[in-house]
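Engineer: Whole structure, please, built from the sequences with the hints as guidance.
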Amino acid sequence: MIFSISFFNKVLRLLLVVAAVATAAPLTAPAAAAAVATGRVDASPAAPGTALAGPVRWSFAYAGEPGGVDFTYTLMENGRAVLEHVASEPEWVWYPRLPGNYQLKVTAVDGAGVIVASGQSAHYRIAPAVDRDSLFAVLPAENLSGVKAPLAFIGDVFSASLAAGGLKLLGEPELQDFLRRNRVRYTGGIGSRTGQALKEETGSDAVFVLSVETYQQSGPPKISLIGRLVLCGERPEIAWMDSVGMSGDEAPGLLGLGLVSDDRKLMEKAVARLIDSFVDYLEDRSDNATVQSVSGADEQTPVAAEGSGRFLPKTSYRSSDLDLKRLQSVAVLPFTNRFARKNSGQLVPLYLIKQLMNHESIRVIEPGLVREALLQFRIVMEGGPSLSVADIMSSESVLDADLLIAGSVFDFQALRGEPKVHFSVQAVETRSREVVWWSNSYAAGGESVLLFNVGRIYTAHGLVDRLAKSVVSLLVE
Amino acid sequence: MNVRDMRIRGCGLLLSVLLLTGCGGLQSRSVYFNPNMDFSSVQAVAVMPFENLTTDEHAVERVRDAFMGMLLATDAMYVLPTGEVLRGINRVGLRNPEAPTTEQIKALSGVLNVQAVIVGVLREYGAVRSGTATSNVVSLSLQMIETESGAVVWSASSTKGGISMADRLIGGGGQPMNKVTEDVIDDLLDQLFQ
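Line order of the protein sequences matches chains F and C.
Numbering-wise, the first sequence is residues 1 to 477 according to the working numbering.
Numbering-wise, the second sequence is residues 1001 to 1194 according to the working numbering.
Relax, there's no trap hidden among the hints.
SDA-like, lysine to any residue: derived pairs with alpha carbons at most 20 Å apart: (1) F:K269 <-> F:G165; (2) C:K1179 <-> F:V449; (3) F:K314 <-> C:D1075; (4) F:K168 <-> F:A197.
Distance windows between CB atoms, simulated: (5) C:A1044 <-> F:D262: 52 to 58 Å; (6) F:Q328 <-> C:S1041: 33 to 39 Å; (7) C:A1076 <-> F:L254: 52 to 58 Å.
Hints are computed from structural coordinates only; laboratory data are not their basis.
We put the CB at the ideal spot given by N, CA and C, even for glycine.
Structural biologist: Shown next, in the form of structure tokens:
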């Protein structure tokens, strides 16, 4: 009897303790000081949304006193935070740029230090900016290789592969007619006037811009292409971007059976890889928010894991004032070519743009718009951008850029001999007018190769792509 | 101590001297500081284009760019971007920006709002040969000039690279040029912040 009463008391005490703990939420501070208690996240318009189509308004409905509360919005994809925004309002306007399945988590902190975290919201699907019903124009390929290249053949193979994939393309006569009528000679990007005219006059939704980085016909054949899709309109936006680089001798295989000596075959292979990457984007087959790269087998390897920092900048500076949460748009200016290969000052920025495009938090300004602004204000940057250039580019009526990236290219050896790349990158924050990033990167294809060509990189594309990836990951992280 | 011991010791000493002088390749430095200068007052500097005394016309921009970045990376002072320095040079109308006069430096500080300018001379940049051995060598001297008075407040020089004893004995081409350049700049920065 004594035993049963004692046991009953213990159970009762335990129940009382559990009830007390359960009712004392939140635990981090006294309940009387709490301004927020519980919260719920809602999105408007309802899912699904479309990339680059317009804003999604997230609101955090919470019970408690308004005011004096800081909200941290963390956008997640596959459990990985891709974007973070801090505000004092229970509302956040998000401009989705990359397709994917997103979830939002909001953390609210009031003046008393009470922290309330919402659960993860329901999945919000962002569809690609274009679909199979869109009309695409393919601009004539731009030759940045510094040598004569079969541009017409590359363009034809590219267009034919897109058409074979079931995409609707603007006819060649219509495109040529448009280019002639609007006196468009530059095909390495589109400005606002061309973008708008292309949409209004031809009905095109987006345009493919193809740049030939390297072309070597034989000994061994080499080809590197950079492609991007730009949405037409008054403010052209890059929807997809990728690059591919191949050398005929990079995979000789057993008895040299894997060697490719026909440059046309190599070109077709390269174009096919680029198109595959675009189809992956179109069908949203990527596993995460980043655009999958086709540049090489080990392209997705984390930077630190590749050759113990072989591609990391040799020296770099990142200002403690650089806060990427504040930065929204980035303009990459043409680099100064310091006696490197012809057009290398235009090539390195394209690789940086490609890597920046993988980050949902950053809006990269289309290079055609940057070129248009430089021409409009007759800006010639012999030694890189001055602060007055930064002021112009940051103006809302010009580019509205928060960060300007520029630099110098000292070496870009892509053809005969061992590939070598050397460049430096400088970033100026337009608001503070200060240099917030500087890095110096260089690498050679045969560096750190000890046995059987393991780790050798056969193209300058492979080098610059990896170097740019390292720079961007350090800059953004 | 007999004659044999003395000979052995003498040979050992000679070998030690040879190893010490030969293993490091070229190592040279000399530094001057103005004792009255308060270096903490230098918040921002402009690095002027360096004078090139080498036969490689491309070298000077590489070295200047590397120096600017590495100086910025010390976080000790702000380094103006190259484009802004060029704007200042054009505004002041410097014909010879590698060797500005005191008046020109004062005028430049008014445009660029810097407390000091750094001028430099690239004395050597390239490969040196000795017998069958080849190696890279970089030699750079720098001066920091205070913009208010136009006085030289710091001057230093450094030479790195060259053919070491190991290069002579084992062979090999020495360090890559970029690495030697970084070594020289590291040494100069050590001298600036010592």
